[in-house]
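Can you join these two chains into the complex? Each is in its own frame, and there are hints to help.
The lines below spell out each chain.
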Amino acid sequence: MLGPYPAIIAVRFKMLLQYRAAAWAGFSTQLFWGFIKVMVFAAFFASSSLAQPMTFAQVLVYIWLGQALLALLPWNVDQEIAEQIRGGGVAYELLRPLDLYSYWFARTLAFRAAPTALRMLPMVVFTLLVLPLIGLEEWALPPPESLASGAWFLVSVLGMLALSTAFTMIMHICLMWTISGEGINRMMPGIVPVFSGLIIPLPLFPDWLQPILYWQPFRGMADVPFRIYSGHIPVTEVLPEILNQWLWFGVLVGFGYWLLNRARRILVIQGG
Amino acid sequence: MPRLRKGRRGTVADSLWLYGRLVSQSIRAQLQYRLSFTLTAFGGFVTSVVEAVGIWALFERFGSLGQWTLPQVAFLYGLVNCAFPISEALARGFDVFGKEFVKTGNFDRLLLRPRSTVLQLAGHEFQLQRIGRLSQGLAVLAWAIWVLDIDWNIGKVLLLLFTLISGVVFFYALFIFQATISFWTTESLEMMNTLTYGGVETAQYPLAIYRGWFRGFFTYVVPLGCISYFPSLAILGIVDPLGSSLIFQVCAPLAGYGFFAVALLGWSLGIRHYTSTGS
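Going down the list, the protein sequences come from chains A and B.
In terms of this note's numbering, the first sequence opens at residue 1 and continues consecutively.
In terms of this note's numbering, the second sequence opens at residue 273 and continues consecutively.
Looking at chain B on its own, in the form it has when it is part of the complex (with noise of 0.2 angstroms):
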């Protein structure tokens, strides 16, 4: 039996409290499993090493990406593939709920209990494995910084924090987004794939390589270049060919909580539309 805590149900205390439980739990059933953990966790290595390892080769034949460097290119490709393995690991219940709750009409259960679907979802698993992919993306950013010469200072190391913390806020909200739109389609849609995945994609690269539209959409449909690209010119020193100022690289990371209201807002009006397809 859980031990039971005594205290008023649903203060931040006891969501935090609970969430805790949660995630030490699923963590404690991945590692029975360590032989199968430790392989899935590799091989999101191996894929992730791959795909730097693709960039490099494009570096050796070009030379260089316009005005950028590999160590600059390699720090956006290290900032963005440390945020989205951490939003991916914490997320994973909104991953997979069109999946695993909508279809089979498991969320019934979910809208039963005493608590948030929200907080349910976010507690449903932590995906260790995810470790893989974040230590590599974590070995890049560090040789980036490592090569690159930058003029640090206090301003600037908040700035990296406030950017990795808003990049996993950022893609989290995208978890959020796909799991609602499961409200009508039932299924997930493959398409959400190409904000996800193709967001760190295309995060990878600066933003000014796109064309207009393109970048138009991943700043202000889908802020995904305001917790990468806008800040890095920032930290980098650069001065961006499209002309953003220095005070707006600062503050551009904001839109990731702005984007993540807005899917805690579009959660809620799913759920209002939510008809169950359990019997």
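Only chain A is shown next, with the shape it has when bound in the complex (with noise of 0.2 angstroms):
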């Protein structure tokens, strides 16, 4: 029924798995990213009295799952789709008997699964156990609100990994309008962590933001699912937060669609 993708997503999971020194040089660089993070948010919590949208705990599980996760998130393209439309090989995926949307799709889906498996898994278990062990237990990731949030949680990783695909596949069909497309790639870096709440967890933003912050995409790349793990979104609301990923998700779906079909009139194939 699925055709030739899973054969596709496999094969490009495959390949990406080969890239095991850069993983684990990405993943003390996030160990020490997600060090700083934590010393200035203790910081700040030691600095107010006030009670706060979320304790520090539930920032913690923000900020480990945040650097474990990182991959995930819809901040770079996969360079060889890109160099396919700059170089002309574009062509040639327009030939083959599949929608090119799909094929693609299923690239992007291992191009965004394959580094984030290779390093979720030993930050996961370094800082929610080797943390405490080694004595800086205050800074360790706590485990799930509970198994219900933990299963939950799997849940909408799923959804996140969903809608960051799909997001990844507007910025690859983007491309197709060559310089611009490029343009509006080199904005994600910015937009993408703070909208998604890496920089810092959405709920601390103002509230007068919140409304804004609701409705829009990138919250369901990391603030919900980080969320669901630490019981700040209860087990009992999580529903319409899982429903809102996949909504969005067919919206951005539907767009890349139409994007596509529309830069297909526009495309010019470079190279003879």
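In case anyone wonders, no lab produced these hints; they're calculated from the structure.
Hints may be right or wrong, so weigh each one.
Among the chain B residues that face chain A by a calculated CB cut under 7 angstroms, a handful are [claimed, not checked]:
1. Val-318
2. Thr-319
3. Val-322
4. Gly-326
5. Trp-328
6. Leu-330
7. Glu-332
8. Phe-334
9. Leu-337
10. Gly-338
11. Thr-341
12. Leu-342
13. Met-463
14. Asn-465
15. Tyr-482
Ideal Cβ placement from N, Cα and C applies to all residues, glycine included.
Here it is as structure tokens:
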């Protein structure tokens, strides 16, 4: 029923798993960043005696899951797809008896999931289990609020992956407008971390910004799963949030399809 | 054909002249792609604005960071976000050294030329696009100085300039270290990003909020605090909770130059270790 797509995902996934050294370097880098963030937040929490919208433990969850799942966020593009568009290889892709959107979607899914799969587990194991052992328990990743929270977290990570892949697809399609597309993509490392909550957890933004932060797709790419894990979104309120993720997924896929159809009309095959 | 200049090769004047030529060529090349340049610079601007927004939001929520106010932290932020992009623009050759020179074997060509490798790499590319981040850093620094009631005198103005230049030198040294390591590892290490980008992130906040071992590392091993936190205390007139003296705070930026000297020493050791990957 799914045709060749599972195979496409599997092949790309295996290829991307080759980059293990890069994953280790990434692990230590992200650990270091995590430490800086933890110390900064600890200092902010120590400066105010007022009740905050999140506890420090919930912020810890946010920081460490953010570091663990960083590669899942749509802040860059698959250079091979970019190269196909730049070099004219996209002509061959269009000749394949496959729907181009679905084909690229499968590749993009692997592109997002494989590096994350490599990086997530060491980060979670280290921050959840090793940090308490070496005397840094006040910095460690707390376990999920409850078993149900943990299970729902895993469900919401699926939504996170879907959303992020759909958004990366839009970034890929934008590249067909060559220079302006690249320009749009260069904004993403600025925009995505803020609206997903990676810069600072979304609930800590001023209250008057909260409605704006609620109605946007990036929330489902970090904020929602992280808060489900920590119980900041209680189990009873999880379902609408998951639905919200998939609703945005539908919107992003629809937009991607529409954009790809427009792009085909203006597409110029470069190279001979 | 480029104009040839008479005179002895390798003199300081000659090196500066050549460096100037390389930089102006690089700038002209980048301005050929104006739209691309503008978009990249703007992207850098947006990315760094976003970090500033994060800091602002945290102050909105928590009120203060220990005894530090938003404008005081903005001063630290502005300082490091001016020094770093200038270094990034100037040290591009060292930044991409592993990927573009060692891995490809292109470094051999540099070794054959009758000029020092440091000069050639320094002039490899002048990254004009860093102006995006620089302008944001300058704007934040200007805002902080505007809002803060600093008791300015000539000494403080000089200390501010001295700190900025030392910051540029310090980050430049980090890029040289990063390049030196790739003599051994071939690829540039992502881990060095913890010291460059991670250093910028660290220096945006007062050093006093970090743990002892972390502070020690960024004071005595990698003297990041010496080009941001300590001189800022003297300029802002804040009493250091860590207990550093005024004389130390004023002299601290000198550590940036020492660090640079060590980096150059390491570089010459690295060159001796270099074996080409080319055929």
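Now the hints, each set against the structure:
For the restraint placing Val-318/B at the interface with chain A, the shortest Cβ-Cβ distance is roughly 4 angstroms, inside the 7 angstroms limit, so the hint holds. Hint status for Thr-319/B: holds, given a least beta-carbon distance of 4 angstroms to chain A, under 7 angstroms. The criterion of a C-beta within 7 angstroms of any C-beta in chain A is met by Val-322/B, whose closest approach is roughly 5 angstroms, and the hint holds. At a threshold of 7 angstroms, the smallest CB-CB gap from Gly-326/B to chain A is about 4 angstroms, leaving the interface hint in force.
The restraint placing Trp-328/B at the interface with chain A is violated, with a minimum CB-CB distance near 9 angstroms, outside the 7 angstroms limit. With its C-beta approaching chain A no nearer than about 6 angstroms, Leu-330/B sits inside the 7 angstroms limit, and its interface hint holds. Of the supplied interface hints, the one on Glu-332/B holds, with its beta-carbon coming within about 5 angstroms of a beta-carbon of chain A, less than 7 angstroms. The beta carbon of Phe-334/B comes within 4 angstroms of a beta carbon in chain A, closer than 7 angstroms, and the hint placing it at the interface holds.
The restraint placing Leu-337/B at the interface with chain A holds, with a minimum CB-CB distance near 6 angstroms, inside the 7 angstroms limit. With a least beta-carbon distance of about 5 angstroms to chain A, the hint placing Gly-338/B at the interface is held under the 7 angstroms criterion. Residue-level restraint check for Thr-341/B is violated (minimum Cβ-Cβ distance to chain A is 11 angstroms; threshold 7 angstroms). A hinted interface residue such as Leu-342/B counts as satisfied when its beta carbon comes closer than 7 angstroms to some beta carbon of chain A; here the least separation is about 12 angstroms, so the hint is violated.
Among the interface hints, the one on Met-463/B holds; its C-beta lies about 5 angstroms from the nearest C-beta in chain A, closer than the 7 angstroms criterion. Restraint check, Asn-465/B versus chain A: the minimum CB separation of about 6 angstroms is within 7 angstroms; hint holds. Look at Tyr-482/B: its Cβ gets to within about 5 angstroms of chain A, closer than 7 angstroms, so that hint holds up.
Against the hints set out earlier in the document, violations occur for numbers 5, 11 and 12.
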